[in-house]
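Undergrad: So the sequence lines, in the order shown, correspond to chains H and X.
When you read off a place in the first sequence, starting at 1, and then add 52, the result is the number in the numbering used here.
When you read off a place in the second sequence, starting at 1, and then add 805, the result is the number in the numbering used here.
Fair warning: there could be bad hints in the mix.
Each pair of labels, with its calculated beta carbon distance range [claimed, not checked]:
| no. | chain 1 | residue 1 | chain 2 | residue 2 | range |
| --- | --- | --- | --- | --- | --- |
| 1 | X | Lys1044 | H | Val145 | 29 to 39 angstroms |
| 2 | X | Glu840 | H | Phe488 | 38 to 48 angstroms |
| 3 | H | Asn504 | X | Asn944 | 52 to 62 angstroms |
| 4 | X | Glu840 | H | His278 | 34 to 44 angstroms |
| 5 | X | Asn944 | H | Asp316 | 52 to 62 angstroms |
No wet-lab data here; the hints were simulated from the structure.
Predicted model, so just to flag it, every value in this text is computed and none were measured.
Idealized CB from N, CA, C, for every residue including glycine.
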Amino acid sequence: MLFNSLNFLIFLPIVFSLYWFATKGNLRLQNILLLVASYYFYSCWDWRFMLLLIFSTLLDYYTGIKIYESVNHRKKLMWLWISIGINLGFLGVFKYYNFFVTSFADGLSILGLKANFGTLQIILPVGISFYTFHGLSYVIDLYKDRIKPERNFINYSLFVSFFPLLVAGPIERATHLLPQILKKREFDYSKAVNGLRQILWGLFKKIVIADNCAEFANTIFNNSDHYSGSTLVLGAVFFALQIYGDFSGYSDIALGTARLFGIDLLRNFAFPYFSRDIAEFWRRWHISLSSWFKDYLYIPLGGSKGGTWMKIRNTFIIFLVSGFWHGANWTFIVWGFLNALYIMPSIIFNTNRNNLDIVAKGKYLPTLKEFSDIVLTFSLTVLAWIFFRANNITHAINFISGIFTESLFSKPFFKGMDGAGPIYIICIIFIIIEWFGRESQFAIEKVRLKYNIALYFFLILTIFWFGSKDQQFIYFQF
Amino acid sequence: MKKFIVKFLSQILVILSLLVLITLVITQNTLAKFEYKLADSPQYLVLGHSHPEMAINDSLIKGLKNLSEQGESYFYTYQKVKGVLRDNNSLKTVFIEFTNNQISERMNEWTWGKDYLIYRYPTYSNSMSFDDNFLLFKNNFEDYYTSLGLSQKKNLKRLLVKDYSQINKIGGYEYRTESKIDSLEKHYKYVKDSTISKISSVNVYYLKKIIHDIKAKGIRVVLIRSPLHRKYLGYQNEKVYLKLLKTEFKGIEYLDFSKFKLNDNAFFDYEHLNNKGAIIFSKFFDTYLKNKFSKE
Chain H
53 MLFNSLNFLI
63 FLPIVFSLYW
73 FATKGNLRLQ
83 NILLLVASYY
93 FYSCWDWRFM
103 LLLIFSTLLD
113 YYTGIKIYES
123 VNHRKKLMWL
133 WISIGINLGF
143 LGVFKYYNFF
153 VTSFADGLSI
163 LGLKANFGTL
173 QIILPVGISF
183 YTFHGLSYVI
193 DLYKDRIKPE
203 RNFINYSLFV
213 SFFPLLVAGP
223 IERATHLLPQ
233 ILKKREFDYS
243 KAVNGLRQIL
253 WGLFKKIVIA
263 DNCAEFANTI
273 FNNSDHYSGS
283 TLVLGAVFFA
293 LQIYGDFSGY
303 SDIALGTARL
313 FGIDLLRNFA
323 FPYFSRDIAE
333 FWRRWHISLS
343 SWFKDYLYIP
353 LGGSKGGTWM
363 KIRNTFIIFL
373 VSGFWHGANW
383 TFIVWGFLNA
393 LYIMPSIIFN
403 TNRNNLDIVA
413 KGKYLPTLKE
423 FSDIVLTFSL
433 TVLAWIFFRA
443 NNITHAINFI
453 SGIFTESLFS
463 KPFFKGMDGA
473 GPIYIICIIF
483 IIIEWFGRES
493 QFAIEKVRLK
503 YNIALYFFLI
513 LTIFWFGSKD
523 QQFIYFQF
Chain X
806 MKKFIVKFLS
816 QILVILSLLV
826 LITLVITQNT
836 LAKFEYKLAD
846 SPQYLVLGHS
856 HPEMAINDSL
866 IKGLKNLSEQ
876 GESYFYTYQK
886 VKGVLRDNNS
896 LKTVFIEFTN
906 NQISERMNEW
916 TWGKDYLIYR
926 YPTYSNSMSF
936 DDNFLLFKNN
946 FEDYYTSLGL
956 SQKKNLKRLL
966 VKDYSQINKI
976 GGYEYRTESK
986 IDSLEKHYKY
996 VKDSTISKIS
1006 SVNVYYLKKI
1016 IHDIKAKGIR
1026 VVLIRSPLHR
1036 KYLGYQNEKV
1046 YLKLLKTEFK
1056 GIEYLDFSKF
1066 KLNDNAFFDY
1076 EHLNNKGAII
1086 FSKFFDTYLK
1096 NKFSKE
């Protein structure tokens, strides 16, 4: 069930009504209802995935208790590795098996050896990367004695499966989410209003910005050989907007939905494209994932202790693993590697914590230096996004080569460009709204009361108008 | 909680009312301004789906305009006819394709199936009545809602750039140069299809509405069946088809060219002609119209 679907539009009010009216404030009933709703939500994707989700839940629930109850450190470690091994094993098989097999075969063929390994027709279970990391954070926190195990299976299952974050995050921590699950939620008017506003903003980002930019990005990326350098740049920028609108839009809908039920989820995006350097970008982009890697991989590897070379090594490992987490393709690994390279100067010269506050805080406009820093950082991220979007390394390299030609200074043109006018305008309005709302949790959080309905109307109208794609009738029907 | 629900519902009501108002304003303006005027004031018009679309080359037939379009059910032909009849007083005869697959329940997919709805609704939305809209709404709400938004956006754009002509957007002769008969023959397998005999009451209903509206204007209506290959799988419902013709369309003129003699290389596939076949058939049809049809 997608957030931007009719099914979700029906599902959400029903769950909301039952939650606040039928449970009558009873904590147990609230949690049972949310759990049932979450399993229903997930099973709408494919009921078979439910089995894996329930298995993962049972595994971490059980190993969590065992970790806590083990007096012996070795036994604690054993149970921890059982959980990590099985969780990552499933993730490895479902997400990465075919990648490893084909990469291994390609590697052998480079050496002149022929290999014919069969790949599996595996459907990737929705959200597996997210709920796996969810569960892992729980068992690791238990091992580190940061939390006590949750012995109520319903409560623990809800922590893993809470539907707003189940398929696309944010990746929650037990220390943050479990206490909220264990406490009765009272209806909070301003929280609910904020939640609805965030859902609306998320829908706008996803449906209007992301889906429309995707159309143009796809046209340009899929035919990149035929386009000028300037058009390729435009395509890359469209993709940057697409991925931001898509991912942060989904996060906004998740956070807003959770707020309707009185639950606060971790913020996942904090206006990353206004970053002044790459280190700041990574503090603002997919925050729940980067902080997960920092806490559960970077720090255990030694973190920043042990000198500059250790820092460099650990940073590379984090970014390569992060790239790999995103998908089973060498392009994601190169994307991660590129970002690691970008961040190296700030690691080496210890300038990675220079820009902690939002840019131009309290001011309307950035300084010239801030603006140029933003543009430079954005350009670097867009360059890396080319690898993220490309079909393979060759495609990415050809795309980038195509940019740095004489045609970079020609007027951009691509098929369907005449329909892009309204989208350019909407994207500019979007960036302006994001800029002026950058000091809030989400851009329209603090819109003043008298403008609210006009803003809501504008957003709903654009969702209505731009939420559907022109259909090309390519099916030759008799 | 009560305050939240009341405020939410009242704001949604205001917003939806404004949306409806804007939709109505755009629809009314496009309804008034969109033109269906045909060039050269033709006296003959051909309507239907891909069969006549590929069979009748109107550049070879004087005084005839082919507005057939692939994948078009009678629901959309009906919307097209409303505008065409209004703007073209020169029309004396309308030929409407009536062939085996058009009585089949599969035509329902052509009416409210996702691909068809999203593609056609924006073009014809301004012609549609409440009942027409309701038919789509009740059979496929999700894609109807999507089409509504797309239609408003497209129509607003057309109003702003003053693009009022509908004629280039509602069908016309299309051709293919190749023949796939040889490759089809290699893999030919007769597959019994029981679903093709299930009648689409919606499609039949809209064909009747088309005929009624055309006749109300004093224009002659003729049902035609374009040339078909002998191995056309749609013949499986021939008995049902002929029975429907006799019962539901009794008294309506009917021309059956399905057995028109053509070599295999004149067919694109078992149910469509290629450009070679279209030239042959169109020249024949031109002669037929001049010598025989006009005298009947």
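Undergrad: Now, for every hint given, state plainly whether the structure supports it.
TA: Here is how each hint holds up against the structure:
no. : hint                                       : in the structure
1   : Lys1044(X) - Val145(H): 29 to 39 angstroms : 55 angstroms, violated
2   : Glu840(X) - Phe488(H): 38 to 48 angstroms  : 44 angstroms, holds
3   : Asn504(H) - Asn944(X): 52 to 62 angstroms  : 36 angstroms, violated
4   : Glu840(X) - His278(H): 34 to 44 angstroms  : 36 angstroms, holds
5   : Asn944(X) - Asp316(H): 52 to 62 angstroms  : 42 angstroms, violated
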